[in-house]
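The listed protein sequences correspond, in order, to chains A and B.
Going by the numbering used here, the first sequence opens with residue 1, and the numbers climb by one from there.
Going by the numbering used here, the second sequence opens with residue 1001, and the numbers climb by one from there.
Rather than coming from a laboratory, the hints here were simulated on the basis of the structure.
Quick reminder that beta carbons are idealized off the backbone N, C-alpha and C, glycines included.
Don't take each hint at face value.
Computed far set for chain A versus chain B, every beta-carbon distance over 10 angstroms [said to hold, decoys possible]:
{"no.": "1", "residue": "47"}
{"no.": "2", "residue": "73"}
{"no.": "3", "residue": "75"}
{"no.": "4", "residue": "78"}
{"no.": "5", "residue": "148"}
{"no.": "6", "residue": "219"}
{"no.": "7", "residue": "234"}
{"no.": "8", "residue": "256"}
{"no.": "9", "residue": "316"}
{"no.": "10", "residue": "420"}
Some chain A residues judged to face chain B by a derived CB distance under 10 angstroms, without partners named [unchecked claim]:
{"no.": "11", "residue": "67"}
{"no.": "12", "residue": "72"}
{"no.": "13", "residue": "77"}
{"no.": "14", "residue": "89"}
{"no.": "15", "residue": "91"}
{"no.": "16", "residue": "96"}
{"no.": "17", "residue": "97"}
{"no.": "18", "residue": "98"}
{"no.": "19", "residue": "99"}
{"no.": "20", "residue": "101"}
{"no.": "21", "residue": "115"}
{"no.": "22", "residue": "119"}
{"no.": "23", "residue": "215"}
{"no.": "24", "residue": "220"}
{"no.": "25", "residue": "247"}
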Amino acid sequence: MSPTEQHPPAFDRIATGVPGLDPILGGGLVASGVYIVVGEPGAGKTLLANQLCYEQARLGTRCLYVTLLAESHSRMLANLRSMSFFDASQLPQRIYYVSGFRVLEEQGLPGLLELLRREMRNHGAGILVLDGLVQAQEAAGSSRDFKKFIHELQVSAGLTRFTALLLTSSVGPTVHPEYTMVDGILELRERTVAMRSWRELQVRKFRGSASLSGSHHFRISEAGVEVFPRLESVVSRSQPPDWGTQRVRFGVPTLDAMIPEGIAAASTTLVMGPPGCGKTILGASHLAEGLRLGEPGLMVSFYEGPDRLLHKTANVGLALGTAVKEGRLALHWNMPAECNLDLVAHTMLEDVRKRGVKRLFVDGLSAMVETSHEPARISPFFAALTQELRRNGVTTFFTLETPRLFGPDMDVPLGTGLSGVAENLLFMRHLELNGRLRRLLSIFKLRDADYDPTLREFLITPQGIEVQPPFQPSPELLLTGIARFPGNHS
Amino acid sequence: MVPATETVLVVDDEQGILEALADLLREEGYRVLTASHGREALERMAEVKPDLVLTDWMMPVLDGPALIERIQGDPALRHISVLGMSAVDVNGLKRLHPGMEFLQKPFDIRALMKQVRKVLDAHRAREG
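Generate the whole structure from the sequences, applying the supplied hints.
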């Protein structure tokens, strides 16, 4: 390109005020564009459009909200009043609600178009919301008339520089051929499997820039619509920084002695084992060691609540409560039945970035695995999550429950995808020997570090985990859970 | 029952609210006219002078404040009482328009009828 050539001007973007949506749209709606938001009744279209209005009003732009046989304005405002984005002071100066239904009934689409143009001009509005496009579609004499209406609206938006959001319920196909001329189509939908349902947003079309493909989870809360971009679609594709020769320790001296150099900083460790074998205490030790060194920590759990975890760890000499009170350690607890992969990851990564978390412990990973509706997604999800944690320099410790307490079968859940992306793999299990229950630990692999590969018994004492010298019984049989002393094969 | 001669002009762009209000006021014995925006209301008033205009605030074409300005600026209309109504917080509107009476949407029907009666009684007392 010669020095006299100019780059085309970048599109001005319109912030939607919907948390998580602008990154999906490549920075927001494109100014002067006409967008369709489609979804069944109750999908969240009205809420999303109002969030756009209140955000833009906050930024100084006037907005016109036109309804066509939708809920009454008083009902709508009553519903919005409990939302955190609602600001009564913007009404009616910056956000103006009118009904266009009677005009549509009496004068059809030409009358409605005239009303929209006139009201936008009279109010000096930069945002138009037309709530109930399906009514306009039904009032159109033909598909051609409806296309003409959208086309003329689009021409007006371009000429007088306003951005329009047209809300419609899905009738027949989700995306009608008549919608093809608009600048973007956002689809909101609810999916249900068995007793559980969740909401998804998908950008079906977006002119002007790339958007994040696929479905993205969203929820409706007092913050309005909150979208959680699919993690795999937002993680950086570039290589994470090299954390060099930095090493970290688990904070269990007898275990750390088995790894003289320590594990690589910003690496991921997966500890597998049956319930009650000590995984949580090992993970908490990892956090406590970080806190001792001044590294902010985060613990994410699914089964045991924060109070119970603090009590449990205090019993083994790990006093984490003070760090929690001081904000050096955060505990995120998620209900296993209702958690969502992207929501958990979003909350986790947000805290990592905000507090500069250096050590993360995710306890009970099977809850995250089981909550996913798409098993094929588990591997790419965990690859993306660990990549992002590595990029932020977080040394991560995951625990994954194996189902069997004892017995010759190991049931290692290697199909979960995480075992493939974890650089360090530790295995814990129970062993019954001579009428006594013992706990065993072994290191399966460690990235870039030598380690002692011997099988070790370990004890959980009031001072924490104590790894014992190499275990004596026939090692080739230990992983089966059926131990025998050498020479005793009866 | 109210005097049969009392006429209320209801102005609202939301068709459902307009019809419901008109029905309720008719049941109370008022003569009711309707308009879906301010300009239509002025057209109605050119034909019949109501005793009370019950007007929404946010409307297309000609909104509530503009309608009131026209009524108050027209010697033939300025004697007509006006009662505003809005889904917007009416306390804020009262501050912006001191002296105006407002009804908060959604309505408590009994409070609505009471307020309408109160304004009309004041109107009758004023007009003799």
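**Asked** Any CB of chain B closer than 10 angstroms to the CB of residue 72 of chain A?
**Response** holds, 6 angstroms
**Asked** Does residue 77 of chain A meet its interface restraint, that is, does its C-beta lie within less than 10 angstroms of any C-beta in chain B?
**Response** At 5 angstroms from the nearest chain B Cβ, residue 77 of chain A passes the 10 angstroms test, so the hint holds.
**Least C-beta distance between residue 219 of chain A and chain B, which was stated to exceed 10 angstroms** = holds, 27 angstroms
**Prompt:** If you take the shortest Cβ to Cβ gap from residue 220 of chain A to chain B, is it below 10 angstroms?
**Reply:** Where the cut-off is 10 angstroms and the nearest Cβ of chain B is about 21 angstroms from residue 220 of chain A, the hint is violated.
**Outside-interface status for residue 73 of chain A - nearest CB in chain B farther than 10 angstroms** = violated, 4 angstroms
**Request:** Confirm or reject the statement that residue 75 of chain A sits farther than 10 angstroms, beta carbon to beta carbon, from all of chain B.
**Result:** violated, 7 angstroms
**Asked** Does the nearest C-beta of chain B fall within a distance shorter than 10 angstroms of the C-beta of residue 101 of chain A?
**Response** Given a least distance of 5 angstroms, the restraint on residue 101 of chain A holds.
**Asked** When you look at the beta carbon of residue 256 of chain A, is every beta carbon of chain B farther off than 10 angstroms?
**Response** The assertion about residue 256 of chain A holds, with a minimum of 63 angstroms to chain B.
**Message:** Take the shortest C-beta to C-beta distance between residue 98 of chain A and chain B; is it under 10 angstroms?
**Reply:** Where the cut-off is 10 angstroms and the nearest Cβ of chain B is about 5 angstroms from residue 98 of chain A, the hint holds.
**Prompt:** Taking 10 angstroms as the cut and beta carbons as the points, is residue 78 of chain A off the interface with chain B?
**Reply:** Since the minimum Cβ distance to chain B is about 7 angstroms, residue 78 of chain A lies within 10 angstroms and the statement is violated.
**chain B contact restraint for residue 89 of chain A - C-beta distance below 10 angstroms** = Because about 7 angstroms separates residue 89 of chain A from the closest Cβ in chain B, which is inside the 10 angstroms limit, the hint holds.
**Request:** Report holds if the minimum CB distance from residue 420 of chain A to chain B is greater than 10 angstroms, and violated otherwise.
**Result:** holds, 56 angstroms
Violation of the numbered hints given earlier is confined to hints 2, 3, 4, 23, 24 and 25; the remaining hints are satisfied by the structure.
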